[in-house]
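Chemist: Take a look at the letters that make up each chain.
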Amino acid sequence: MRRLLTIATLLFVGSLLLAALPAAAQDASEVTLTMWTHDGLYVQFFNARALEWQERYPDINFTFEFEVVPSVFDKVLGNLAAGEEIPDLLGIEQGSFPRFMQGGIIESKFLDLTDLLADDYDLIVEGRHTPYKYQGRVYGVDSSLCAVVYYYQPSIFEDRGLSVPTTWDEYLETGAALAEEGIAMSYITDHGGMFMMYLLQRGGAIFDDHGEFVLPDEENRTIAIEVLNLLREGLDSGAIRYVPSAEVWGPAIMNAYREGNLVGAIMPDWYSDYILKPQAEDMAEQFRIGRMPVWDDGTGHKTSVWGGTGFAVAKENENAQFAWELLQYTYVTLENQIKRYEEIAYYPTMAAAFHDDRIVGLSDPFYAGQKTGEIFAEIVDDVPIWYQSLFRRTFELQMAAELALFFDGAVTADEAIDNIVQYMEDEIAFAE
Amino acid sequence: MVQAAMTRGREARGGGGFQQHKLAPYAFISPFYVLFAFFFLAPSLIALVLSLFRWDGINDPRFVLARNYGRLVSDKVFAQVATNTAIYAIASLLIVLPLALVLAVLLNSKSLRFSNVWRAMYFTPVVTSTVAITLVFQILYSRDTGLLNAPLIYLGLEPIYWLGDRSWAKVAIIILIAWRSTGLLTIYFLAGLQSIPEELYEAASIDGASMLQKFFRITIPMLRPIILFVSIIVLLSSIQIFDEPQILTQGGPANSTMSVVQYLYERGYTRLRLGFASAVGTVLFATVFILSLLQLQWYGVFRKED
Amino acid sequence: MGERFGQRLGVVALHVVVISGALLTVAPIAFMIYSSFKTTTEIFTLPPWLPPAEWSFKNYETLLTTWHFTYWYANSIIYAGVVTVFVLFFCSLAGFAFAKYFFRGKNFLFIILIGSTMIPFQLILIPLFILMSRIDWVNHPASMIIPWMAPAFGIFLMRQYIQAVPSELMESARIDGASEFRIYAQVIVPLVRPGLTTLAILTFLGSWNSYIWPLMVLRGNEVITLPVGIATMRSQATASQIPYGEMMAAATLVSVPVIVLFLMLQRYFISGLTIGAVKG
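Protein chains in written order, with the numbering used here: chain A, 21 to 452; chain X, 143 to 448; chain P, 12 to 291.
A portion of the hints provided could be inaccurate.
[To be verified] A partial selection of chain P residues facing chain A, derived with a Cβ cut-off under 7 Å: (1) 50; (2) 52; (3) 137; (4) 148; (5) 227.
Keep in mind the hints are simulated off the structure, nothing from the lab.
For each residue, glycine too, the CB sits at the ideal point set by N, CA and C.
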């Protein structure tokens, strides 16, 4: 026992001493830039750009510490509450942006980029500014357009002499035919953001440009119920498959693709390199990208939108200026927006890039050489705009629960919408 | 010299000794209370006070009296997560605990060969990393490709939607809890079983007692302190369960697997309502505290002879 | 004859039950280890028992070369080891006091002790983290050790074990003139080895597996612990592959030392308390 204690004490004191060693004195020409995010592709892309960018300052020796941090927003908010330092650059996933709107954290701790973007502001599509707006000012630069397309396996259609559906009616019809063989066209899950994706395409809205909850309005309510009923019809016929959120991004889906009982997915641009390619290397050349089906009555949009990560700059950090410059170089130049598409397939947000030869002419071997940029170029002018709200996350989380009940047949579309509206009104009243 | 000897003598008789004998216990327990007061009591009191405030963690807190508690009572999601948590606790106490006790007795059996090997095998779930093993279970529970459904699919039966069905998802969580904690609880019981004198069993055998009689008349009464300890640990850990539903199902589908602590964490951190989360925590604490006191009372811990 | 046959049947049944349960218990872990030799695609190919096309240690290699795995490993071992040593000392000492002494306020103090285990950690996470920040312990090893040195559950556990030690042994030691601390060190400690072993394993594991706290207080790829590291791997999706295979390899390596530790300490369970007491 005594010997153990001695060893423990030694270890303990030793570890304290090690930790207490003063950090190497910061030389004026030594600059360390830090970044936290949840997606390794951003780290990869920023690292590559940072090496080029640092040439601007030949006298400064830069160190770049860009990291994927698990539960990154919990950690950053905890640090802010404690007055601890946060990284220079933070990739804020749009679904978590409302957490930073609480109490105006985003305004008090992060750089207002509206004026810094200057002329570039208008070069980026407005729909990629709104998710990162707080009181009319922009605090994040998005990583991709997040326009929605249909990823599918053409052979399943070809083998049966079917054509790729372009409207929802066709989609359900083709799906019902395939369902008889146990094949589904695509899948949905109990995720509020995914519901919003379908809703936005139909022209509906959850929040307006002031962040007010407008789902209860007559028009939006009608659209929401129509969208739910569309999904219901697909679920009932087997054209659309329900996958619980626990399995939605993982291998279960990839296996379904492999076994040929799932055609594809209606998903945003990031689905390609973040989800599909890394898990389906063995299925290279089997997939194509097509357009999302549109509503038959001609209303709504050609595509929809879901997701996004806006990079924000910590205002109080010593190197905020450098961080902003790097962000500007990496995300707000035409050249690098194109590189981003070439390297990690995150579609540009600057309108000038959409029709650039290097985007529309790029052929992707994974999609058997398909020029995927062409598909996006057809729809980029019609990406719906949505607005951020303090209560958006609250909505998404509870909507997920209502969706699970709805998909299960436990509630009707009307009841699901009534329930979520009731819940949201209680939550909004409580927050006042 | 004489004085010292007398003191020693008095102490030995357990009589009115003082100094060491009286002060020692306080010295022995003090490290806990010092650490507790500084690192846990203070933050808990802060949380208790915070439950009367609205606080986002960064701006100044605002006093709202019982409003957080009011919302808690009116939120149907809270009622749901409280029910889920109660189900986890009951399942742990009524299924996992007896299972572990029986298993410990079996593993302790003299006629069991290679018992060390089996013990080690039962213990392995305890040592695997939570994050990794939950991932493994996600694969095992997968509806179409999971190992658990493989026999059903093979027999042409409808596969179970382990993580997609509201009731089965709870069962999936309980299976994971049972898998992870049975081995651990077995360890406590095994260690306890070592302290039961072999002679008791021998005497009982001579009297012609059956296995079951020995189990209920010797094993259980002799293991009382350990059973008490284990049941309290089980109650505490199952009521505070967080990791398993968080990683396996994120509380879904339709909040059917969400536990109270997950609710607390989600409300507190993802919605930045630290005051509200503190109210949840306070209610949770009060519930567990009362339940445990009842449990201790029931086992007679506060009786004088203890 | 019949009775002996019945006994034999019982022994066989005992083995069948114990062994099948044991196999069931290890199955997910076997699956994990088996998977660590497969590529990600193979892991998710049905049926799951198909062997990999090529048995290789590639996942292990990648794990050790592309991730800071060795750092995570070393950090976890140091924290878990140091915490365990302190916990063994403080908890057995306090457990001894609660089991064998009568003192003023004992019931009250004991209720506080029990009550302290009921504080949901998530409740105090932010206040405690703010406290760490105030005393400059963020990203400092002390935050991983000092608050965790005397957990109430450990004291409770030791109290339960020490209660079973006959009090007469203490009395005779006192007559021999032993100080209270010496009674603890020389009479009690040797007799509660099974309890101490249990506590050591559990504490080591608790520290080894803890996730939220190290996630909050530690920063940097080289100072984090294993669970945080594995979670990092999980949330990391590089263009090439989501590293399921490597994660399975990591999980395998995470489990090995604790299994070894358990095997090493297991013999202490067997040396019963009563034997010790007779010898003592």
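Chemist: Hint by hint, say whether it matches the structure.
Modeler: Structure-based check of all given hints:
Interface hint status for residue 50/P: violated, as the beta-carbon distance to the closest one in chain A is roughly 9 Å, over 7 Å. Annotation: interface hint on residue 52/P holds; nearest CB of chain A at approximately 5 Å, less than 7 Å. For residue 137/P, the interface hint holds, the least distance from its beta-carbon to any beta-carbon of chain A being 6 Å, beneath 7 Å. Interface hint at residue 148/P: violated, since its Cβ lies 9 Å from the closest Cβ of chain A, which is beyond the 7 Å cut-off.
With 7 Å as the threshold, the beta carbon of residue 227/P comes within range of chain A, its nearest partner Cβ sitting at about 6 Å, so the hint holds.
Going through the hint list in order, the structure does not satisfy hints 1, 4.
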